[in-house]
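All residue numbers for the sequence shown refer to the numbering used here, where the first residue is 18 and numbers rise by one.
Rather than coming from a laboratory, the hints here were simulated on the basis of the structure. It is possible that some hints are incorrect.
Ranges between beta-carbon positions, derived for each pair [unchecked claim]:
id, residue 1, residue 2, range
1, T334, C583, 38 to 48 Å
2, K360, E497, 29 to 39 Å
3, H259, V621, 49 to 59 Å
Cβ atoms here follow ideal geometry from the backbone N, Cα and C, with glycine treated the same way.
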Amino acid sequence: MVRQSETRSRIKRDNTDNLIELCSPKAFLKTYASNKQLRSKDLRNVVMNALKEGKFLDDNGWISLRNMGKGQNENETLAFLGQVAETITRAATQHDETLKPQAVACPSPTATYQHSILGYRFFPDWTAVFNVLSSSIHVDAKPSTVSASRKTPVKTLDIASIAEFKLEDTTEKIIDNEEKMAGAAKQLLEIDPCRERVLGFTMEKKRTRFWDFPRLSEPFDLNGKPELLVDFLLFVIFAKKHEIGFNPTMPNISVGGEDCSCYEIGNSFFLTVGSPLSEAAYDMVGRATRVWVVVGLFPDRNGDIDVGGRRFRRGVTRRVLKDVWLYDKAHCERETQSSILEKLDVKQKTKLEEYFLTFIMEEVIIYEGEPKRTLKKPSRTEVQPTMMSRTHMLRKHVRSVVNEECLDLFRIAGFIHRDLSGGNTLFFEGRGIISDMEYSKRYDEVSSHDPKTGAPDFMAAEYQANCFFFLPSPTDTTEELFKLQRQWFAPHFVHDVESVYWQYLWFLHNRIPKTPEPSQSALEKVKRQARRYFGHSIDGNQDRFDVIRNETSHILLLGVLESVYCPLILQPLDLSITLREEYRRVVRSLPMKKSDDAWRLGDVFNGDIYEKFLGKLQAVLDAYPDGYITLDAAR
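Please construct the entire structure, taking both the sequences and the accompanying hints into account.
Quick look at the structure:
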């Protein structure tokens, strides 16, 4: 049985190593915990005075923290934070009667949690929990005479904020807090599509940091700057749900005693059916793409579904809804479809339309009269050592609904997809469909400053490495040009084709044939090999690069996979040879400079590689009576 500490370590490693950004505590609060009414200096002074009158605070900081250390009981020492939150709530509401507390914040070391789905189990030392029984929280006239601590069960869907505490500030304790925070944040983001981010803080003795995954403040001395915690607590107690990181356009509702999500698009509402069809996130979910089967909701005063006090009845027709956060300057998919089709003649257009999704609606989500976008990063942000190579980009929130639960024509139209994956290459009623074209772009418009787009498991290796692997040797006439080769790279049409090859490899490593059933030892070898190629960052790794660069990579793959699959299914492995040949061919003529930030290969692309891929893959499918292969998920 896997120990919980080992699980936490793995989650922290997988989810924070390439995500964390540092900023000052003040910049953090201004960006991620900001509400003009709550940041009033008068309000803070009133609250600080109340805390001093209550003997929680003096000129030297938090009284209860000054003597904390090894040998003391953590729960007893930090229980005062519950009374601090009570005092803040009382003082703030007495000062400003328009303030209505939305959450109760207190230590919760022994609280029990009600989870909507199975998953990891973490128990934060402190939680702020939204009140779900009434519009406001009752504030007692007198402070609690006992340590405020949560004992009643808490639904994880109602958690507004979390924290982890340690009485010592050793490296071991700091790491343990980080692992617990990462684990708890993963759980909260994973189970609730409405939650976009997780706010919290960690404290090791007096060393304190604020968290808003994936952002992190620099550590500060809590006794030296007690007002920072006061500002934070004011926010988590009084902020509205949408301010603290919950999506206001997709409320969680209960239908027949089951938690469901309701998506709003324009004036229409859609109810989710079952679990998401896909989540385009590898680690923490948060603002990841989610794809659902949905049914429409229609206003009906006698309806059995309540959404924010309005009654609806459930429709019958099932649709597919996609909820995605696009880069701010990216085009919506329906717009991209139109741009591609207008570049084709009538015959080509008719053929390609068959492989496109049929949109019912698509729009950028509007909230309070403005397009919904991600928060701008804090000023003076420092990025931790990371493999992410592109600058911070704002994203906009887009939703679409389609009816349905082709690549060479993309090339003819001059577009590259830039995001082909197993999740957007679909099969519906006997036809293949290409979706998720928001990041598709004309090849002659690709810039070296574009953010990397796509799912890492299916990205072309050159695109991940940001360089061409098969350049010809320099000559006397090209030597000067080779000095600029770091500027040359831009994704092109063949990289889309390589993504098809990675989809093929992904299925070989993550799905197994129903018959004959392979041995467990053979499956273990496949699983070990899968870890070499899949589950890595957007910049790839050496093993992935070698699949494309190594002349015998298909033989190495065959050596492991042949114990699980019949020879017929493995014939397309040698398409890596086809890719190498094509990559060498297209770079024989070196890239040409088109602008200060863009180089392009010449008019060297044709349909030959598409025909080779189609022929090899179709030959395998044609050998099966139904035209497709039946597989199971790898165990």
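Against the structure, the hints come out as follows:
1. T334 x C583: 38 to 48 Å: holds, 41 Å
2. K360 x E497: 29 to 39 Å: holds, 36 Å
3. H259 x V621: 49 to 59 Å: holds, 51 Å
Hint compliance for this structure: no hint is broken.
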